[in-house]
Amino acid sequence: MIELGELEKQHVEFTKRGVRVIVVSNDPVEMATMNQADFPHLIVVSDADQSMAKALGMIHPGAGEHRDDTNAPTILFVDGDGTVRDMAQPLRIINRLSPADVLATADKLWGAPQ
Amino acid sequence: MDSALPSNESTPERTQRSSNVFRRMPSLVLLAGALCFVVGPALYFWQLKQKVLVTPWYIPGLSTLGAVTMVGMLYVRPNVWRGILCAGSVVLCGLEWYGLGVGVSTPVYHGPVRVGSAVPAFSTQLSSGLEFTNQDLTSAASTILVFFRGRW
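From first to last, the protein sequence lines are chains F and U. Residue 32 in the working numbering sits at position 32 of the first sequence, and the numbers go up by one each step. Residue 97 in the working numbering sits at position 97 of the second sequence, and the numbers go up by one each step.
Don't take every hint at face value.
Taking lysine-lysine pairs in the DSS-like style, the calculated list, with each CA pair at most 30 Å apart, reads [to be verified]:
{"no.": "1", "chain 1": "U", "residue 1": "K51", "chain 2": "F", "residue 2": "K16"}
{"no.": "2", "chain 1": "F", "residue 1": "K16", "chain 2": "F", "residue 2": "K108"}
{"no.": "3", "chain 1": "F", "residue 1": "K108", "chain 2": "U", "residue 2": "K51"}
{"no.": "4", "chain 1": "U", "residue 1": "K49", "chain 2": "F", "residue 2": "K9"}
{"no.": "5", "chain 1": "F", "residue 1": "K108", "chain 2": "F", "residue 2": "K9"}
{"no.": "6", "chain 1": "F", "residue 1": "K108", "chain 2": "F", "residue 2": "K54"}
{"no.": "7", "chain 1": "U", "residue 1": "K49", "chain 2": "F", "residue 2": "K16"}
{"no.": "8", "chain 1": "F", "residue 1": "K9", "chain 2": "U", "residue 2": "K51"}
From the structure, some residues in chain F lie toward chain U, with a derived Cβ separation under 7 Å [unchecked claim]:
{"no.": "9", "residue": "I22"}
{"no.": "10", "residue": "G80"}
{"no.": "11", "residue": "T83"}
{"no.": "12", "residue": "P90"}
Don't read these hints as lab results, they were simulated from the structure. Given the structure is predicted, the values throughout are model-derived calculations rather than measurements. The beta-carbon is built from N, C-alpha and C at its ideal position, and this holds for glycine as well.
Bound conformation, chain F alone (with noise of 0.2 Å):
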């Protein structure tokens, strides 16, 4: 869980910009309980049934552990409104925006921080 313990890390500076972090991920309630336990900070969806992915697009075909499908690791900027601003998705699965590069973009859209 190296995104999600690098993301609540930054819960201040996302706190002193006035952003929350939604992470949604295919686990069931029971893992994603366990991971708003752990992370806090950050709102943990549980999307078990892909419902939220599929509606978005954000899913991996037969990419996931018993090759089912899996979300797309993905980075939505959402303005109040629910417009998007921003999407990021690496090149690579292995491959995650640094909280750094997240708080940049942040910044960029929305200012930084007085």
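Start from chain F and add chain U according to the hints.
For chain U alone, coordinates are given in the frame of chain F:
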């Protein structure tokens, strides 16, 4: 023109010296080649410990170095076992390049999300069991929505 002469004269000597390394210390050369295949994954393990999620191109890079060493070894001192080892190292090296270059690629996005447009309608649930829909993205501050996978 004169300055090129000593260099030309020393070339066969250098070649002789380098191939001598392969002849005199075959085990050491083999070990060095094999180490190249081990160091890459070890470095990646360390990279993950540092919580850095970038592509470890050094793994196939080091393996290429290892495979070249094995091929050089086979060229200078050929035998069946070195041939098998050499073939295995070349195959492994190729698999590593393919794996990082193609195997772990994120699929090209063809979904409905567009920058500048509203998030498409969806309905799912939070870890608490409460419903979570696209409407929840319109009633608060800005949101960073992270689709994640894996356990690392």
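Any of the earlier hints contradicted here, and which numbers?
-> Every hint satisfied by this model.
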